[in-house]
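Student: Assemble the complex: chain A is given as a structure, and chains B, C and D must be docked to it using the hints.
Protein chains: 4
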Amino acid sequence: MQTQTLERMESDVRTYSRSFPVVFTKAQNARLTDEDGREYIDFLAGAGTLNYGHNNPHIKQALVDYLASDGIVHGLDFWTAAKRDYLETLEALILKPRGLEYKVHFPGPTGTNAVEAAIRLARVAKGRHNIVTFTNGFHGVTMGALATTGNRKFREATGGIPTQGAAFLPFDGYLGEGTDTLDYFEKLLGDKSGGLDVPAAVIIETVQGEGGINVSGLEWLKRLEGICRAHDILLIVDDIQAGCGRTGKFFSFEHAGVIPDIVTNSKSLSGFGLPFAHVLMRPELDKWKPGQYNGTFRGFNLAFTTAAATLRKYWSDDTFERDVQRKGRVVADRFQKIAAWLGEQGIEASERGRGLMRGIDVGSGDIADKITAKAFENGLVIETSGQDGEVVKCLCPLTITDEDLVEGLDILEASAKQALS
Amino acid sequence: MQTQTLERMESDVRTYSRSFPVVFTKAQNARLTDEDGREYIDFLAGAGTLNYGHNNPHIKQALVDYLASDGIVHGLDFWTAAKRDYLETLEALILKPRGLEYKVHFPGPTGTNAVEAAIRLARVAKGRHNIVTFTNGFHGVTMGALATTGNRKFREATGGIPTQGAAFLPFDGYLGEGTDTLDYFEKLLGDKSGGLDVPAAVIIETVQGEGGINVSGLEWLKRLEGICRAHDILLIVDDIQAGCGRTGKFFSFEHAGVIPDIVTNSKSLSGFGLPFAHVLMRPELDKWKPGQYNGTFRGFNLAFTTAAATLRKYWSDDTFERDVQRKGRVVADRFQKIAAWLGEQGIEASERGRGLMRGIDVGSGDIADKITAKAFENGLVIETSGQDGEVVKCLCPLTITDEDLVEGLDILEASAKQALS
Amino acid sequence: MQTQTLERMESDVRTYSRSFPVVFTKAQNARLTDEDGREYIDFLAGAGTLNYGHNNPHIKQALVDYLASDGIVHGLDFWTAAKRDYLETLEALILKPRGLEYKVHFPGPTGTNAVEAAIRLARVAKGRHNIVTFTNGFHGVTMGALATTGNRKFREATGGIPTQGAAFLPFDGYLGEGTDTLDYFEKLLGDKSGGLDVPAAVIIETVQGEGGINVSGLEWLKRLEGICRAHDILLIVDDIQAGCGRTGKFFSFEHAGVIPDIVTNSKSLSGFGLPFAHVLMRPELDKWKPGQYNGTFRGFNLAFTTAAATLRKYWSDDTFERDVQRKGRVVADRFQKIAAWLGEQGIEASERGRGLMRGIDVGSGDIADKITAKAFENGLVIETSGQDGEVVKCLCPLTITDEDLVEGLDILEASAKQALS
Amino acid sequence: MQTQTLERMESDVRTYSRSFPVVFTKAQNARLTDEDGREYIDFLAGAGTLNYGHNNPHIKQALVDYLASDGIVHGLDFWTAAKRDYLETLEALILKPRGLEYKVHFPGPTGTNAVEAAIRLARVAKGRHNIVTFTNGFHGVTMGALATTGNRKFREATGGIPTQGAAFLPFDGYLGEGTDTLDYFEKLLGDKSGGLDVPAAVIIETVQGEGGINVSGLEWLKRLEGICRAHDILLIVDDIQAGCGRTGKFFSFEHAGVIPDIVTNSKSLSGFGLPFAHVLMRPELDKWKPGQYNGTFRGFNLAFTTAAATLRKYWSDDTFERDVQRKGRVVADRFQKIAAWLGEQGIEASERGRGLMRGIDVGSGDIADKITAKAFENGLVIETSGQDGEVVKCLCPLTITDEDLVEGLDILEASAKQALS
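Protein chains in written order, with my numbering: chain A, 1 to 421; chain B, 1 to 421; chain C, 1 to 421; chain D, 1 to 421.
Chain A extracted, bound-state conformation (with noise of 0.2 Å):
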């Protein structure tokens, strides 16, 4: 595989490509190709963007045949046909079903992007500027989002601007299995002089990705929701990795039974792996002026295309999302398996998640880096994620066959015994 021009043209600031250095050339489902022909069985789609798998035929065939029409690709925020659908689909098979009534913002179609306009739209509508966020959240790098993700790797590289209007809090578990961190929390909101600006909202992943799968108690989270609602404090679940039925709902939240103010997804959206965000308000949240938050991208009919599809194909029943809660198990037992394992050799592991977002917690990042380049070796794309990449983390396509899941979870654990036997 011919790699030079890519190592001297591309900046260093690339990440995958250390881990993976291979050309990857094509993909089907849950499998990816190498120019040597070599197959992968992927376990990490797109840090949860391939939800559908790669190039899912179905969603395929419906942007080729869009394209073949001649449709509108890129029109700014233009009324289109495509989007009038996507808009209508979502109402009827996500919103409606659910009891939810939002308004759809278009921002910028990435995550970051659909993050600073929900904290953009935070701050206006309650006019204060602060927004609570948790420890290891991650919501985007841009400098409005940057103030609300916990990860030094960023934070340090600004170039001497310190962020802010953020406020971290413990998330949950953080102070220890006793203690309730919405207890402190409470205690800010209600000192005068505890240090805490009174917020406009909190923001917050129920299940943190790249924090190294960290489960909200689902008590917990309705416990949040009902603090906000005291204190006149919007809450903004950040979905972009969590939803589009990662955690076996289309959205995270529904779990527990709480309904956002705002919502942010991205990723996953389109079905496709195109650049895709939405946000998603109560409407009465909805204080934009026309024209006050903007972008070139925002809204990609490609995209509204795509997402129509994939709704239409996954979310019309819950066939689906059985068959996701049904995976999400057999990764459970096996990881739970292999932390057993691991425990035998003397090294504490647990197994933690929902859905199909879930991790092995192996303690220690380098014991987790030996895991999966062995993994990878062994035919297996895998990445870690936590504060110190303690965690191996499962984010494959939620269409994944039987077949494939357990040869990645089979490789999985022969990788594990290999790398530390």
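I should point out that these hints are in silico values taken from the structure, not numbers from a laboratory.
Here the structure is a predicted model, which means the values were calculated and not measured.
Take the hints with a grain of salt, since some may be wrong.
For chains that are exact copies, the list does not tell them apart, and a pair is met inside one copy or across any two.
What the hints assert, rightly or not - Distance condition first, Cα-Cα at most 20 Å in a straight line; then the derived EDC-like pairs of lysine to aspartate or glutamate:
#1 Lys370 <-> Glu348
#2 Lys187 <-> Glu177
#3 Lys60 <-> Asp70
#4 Lys287 <-> Asp34
#5 Lys187 <-> Glu225
#6 Lys60 <-> Glu219
#7 Lys60 <-> Glu413
Tutor: Only chains B, C and D this time, still in chain A's reference frame:
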């Protein structure tokens, strides 16, 4: 046309659907079609995103072929054959012939993400936080980029967070005919108590698009480059709107013979309206550590594919450039004629621009709105720009046929006369 | 008493004249006299500024002598004999006996100026921007210091500028009895994505005055010092209110045996109520370049004179310290008795403090206000502190006579009983 | 003279002791005496703090009498007879005769505290964050004030925190003779995408002291006032250095006939070199809530006493003003003579100033340093100002005797000749 769902569900932030309240369905090169089958000539072209027209068949073919091959669509920043091909083509057809040596960073696929990456890199590279930007500049609306964007509509919608890290200086011509605004910049640089923090970089659009087709002089740009060199300040050309051939050269700065340290491109870079952006940087400025700036859609393989096809089709020799320049003169001549007619009606008006980035300044947003509203009635999509929307702005596809170009200009001229007689 | 001019001309920002709406004319040690000749015992003492009483005759004599000699009153930061004498006395009587080696910076003569200088120096010395501060901390209200002050009254009055460069952590005891809040700090320091930017320094009041006489444990302080050392973080003790003998030692941190990297003093430092402040720093931290931090009144020679006289009078041996500790126990005993009586009335109350910095937490600002209002009627000036003003706070002169101390306590006890029976 | 302790113990931030490395002991009016008994004429006068000379006997008497009476020295913001007397005297002798109606806020007793209070009040009153300030302006170094101060020495010593909330515009004359810099300001105000956030206020020194005795034109100031009125922007005159009679009127803005919305005074306000400051504001701007801006030394009663004595002594009629103006002409004449002589030596030099705030711009800091160093050898204390220290600046006491004034000027002239012949 059914628009109720669109009006009900889409956020009030929507803007173009207010000026052009129809549902578009199809498009081909410079022609848009609405749901009632009515055709429009497109002098907006995605605000500079569709330099190669809607649904350009050469580019579409490359896209469809890639999809048919099950090529990687989304792979974070994996190495792919499509990425390699893009880099090689960019180097061979664009950089080498122009004597440019740049490394390439693929940030999130929008202009504002590219600007955030560019200014952050400049800050890291120079260890200084300040970025000099210019009156009427537009560089995006995420919080980092917004600091360099002059428009109050965006700046006042942050919900109480002032932007930081940038200082505005007068663009070429801002202080009137006799004054070289760089005198002021140079004086401030040399003044230890002038209040200008020594900047890491200057960011500039050589022709300001949103700001009102303000054209910086070639000597002025050359002097700006010299000042930057003399004071160890990086020069960033934001070529998101003016690049990709719009001014009659691939890069807008080629006219002046300056070589920026960092360049941002997006909008027409994919050639097909797909979200895509890159940052070019002199190799020694590549101070990024792995993963310090990330994003899910960095490196969109469909866009690599279409972008490479675009370069091969249009940038293998100078035929296309010369054609753009020729068409630019056609527009300029007609705009001067229209401006002259307006003058006869007592409306002070003037033409300006470079290549096919051209406008008529009619002195007031009201007058400009009357003209463009009438033009839309007559089948021409065209928008205004400038601080008060006082500039009627032509950004037609560079690939527009001569027939459509003349027809569009005829409509515009007739509309001006109908609107203002 | 004529108060119309005062009410008409002074800004509504005035505050103490609302609680004590009389015109004071004279004062001696712990006694204030108003224009009608009424005397009050002073348990407020300039909020800790008059540790040596009003118009202390020893100190006043030094001041009058200096004035009589036509000594330099104002000389920017000239070298003067008065400054030299102060430095020599500080070194001989305070620093050397305590094994401390500090350089001295004279910023503008107020606490907030000293805090601004201290945190700026820490940032410069460590090349990091973040300062860790604690819930209920008060460090001044100029914009730099305000970032470290928790009180919303000030934080919400910036006119839309969020503070930056500081993060709040829970003070000792904030998370309840069983929880060592430093566990959270230590966890965040070790967490690469916890959202805590590695701080340049921690700033702390060992006993929080405005925050409600919150007393940090001596072990806790020692552990805090250890964490700072382990992570190369500077420890700044803001001893503006708790220093100068208030807690029974010259510096409040002596009790714990910690040695801060930087110390701020002001309030009682002059000994006579004159504006005066200094910043003490370990010599290797003196990263200032000449003139990088300035101010017109840096180095106020009358204050040098009175401060040196104060040190000579009270700090040549440990007599004074022991006397303060003795009086502190007198106050503590009586406060416990009052708290017990309140408990009998069904008002949960508790005593706390260190040395002569003591309070009774009566659980609500309303109750505290009733007590202090009644006390003022009865001839005692005493204020409240804490997030809701729920702590009746005694900061009487350290030089108060035993008679006045007991009389003041008698008034307070009687007032509580009158107010709440 | 013993200076080791001073050199060892005082922070390297010290600055005046580097230019004048002697230990001063006594001072009377315009004469300083060092420890060896050597006398110096003082043309620095505390950088404008000692307008009434060192140890002015009239003012000192008031101070000593007050001390003898056991008057309140420190009482936070208590009402005191001294405060009331100051307010009444200020109203009667200063405000009423000038037709001014202001409320008075006593912030912490330094200039920077006053500026922080003034700009914060402006932001609160107008609900906007931006403050327009001018090139070469100096308004203090605490973080809020620093945003409005141009000097890089301070701006670069924040340890990585960029200032925020202010924008610099060119001071009168900054763009050269033919250009009225207010044209630029007015253009930016009217430009919706010029990058200037609509300001809450403009802050200006009518004569810039630290910036190099830059004198704003009276017409220009009047026009500035008009622009502010027309755009609902507050005008803050920072009269900390130029006020209290320095320019030949009590307030420097009287010359232009403008009426600021807010005025800051400090430096010479106490008349005796005591730390003291007030903010004057139009009554309807007093948006402060009780205690929203505080500080331990707000309202220093010794300074109330001396300030009132000063007003009574010097501002009961216009005798003093006229005397200052007369002496100003003496200085101006001699400075023109010196400038002319320098011109003959090939050094381009010019005199400028207003009242007794005067300088000779000698074009380079090196030349200015040579002159002032030689002057110090010859018994004259005088400093430089301006961005490169290129302006030899005379701020002698306004009360200087004619003999001392002439002797000081003689020394300066001779020193220039010795240094540069």
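Student: Run every hint past the structure and note whether it holds.
Tutor: These are the hints, each one checked on the structure:
1. Lys370 <-> Glu348: within (15 Å within a copy, 58 Å between copies)
2. Lys187 <-> Glu177: both (19 Å within a copy, 15 Å between copies)
3. Lys60 <-> Asp70: Both: 16 Å inside a chain and 10 Å across chains, each within 20 Å.
4. Lys287 <-> Asp34: neither (48 Å within a copy, 29 Å between copies)
5. Lys187 <-> Glu225: within (16 Å within a copy, 26 Å between copies)
6. Lys60 <-> Glu219: neither (40 Å within a copy, 50 Å between copies)
7. Lys60 <-> Glu413: neither (33 Å within a copy, 44 Å between copies)
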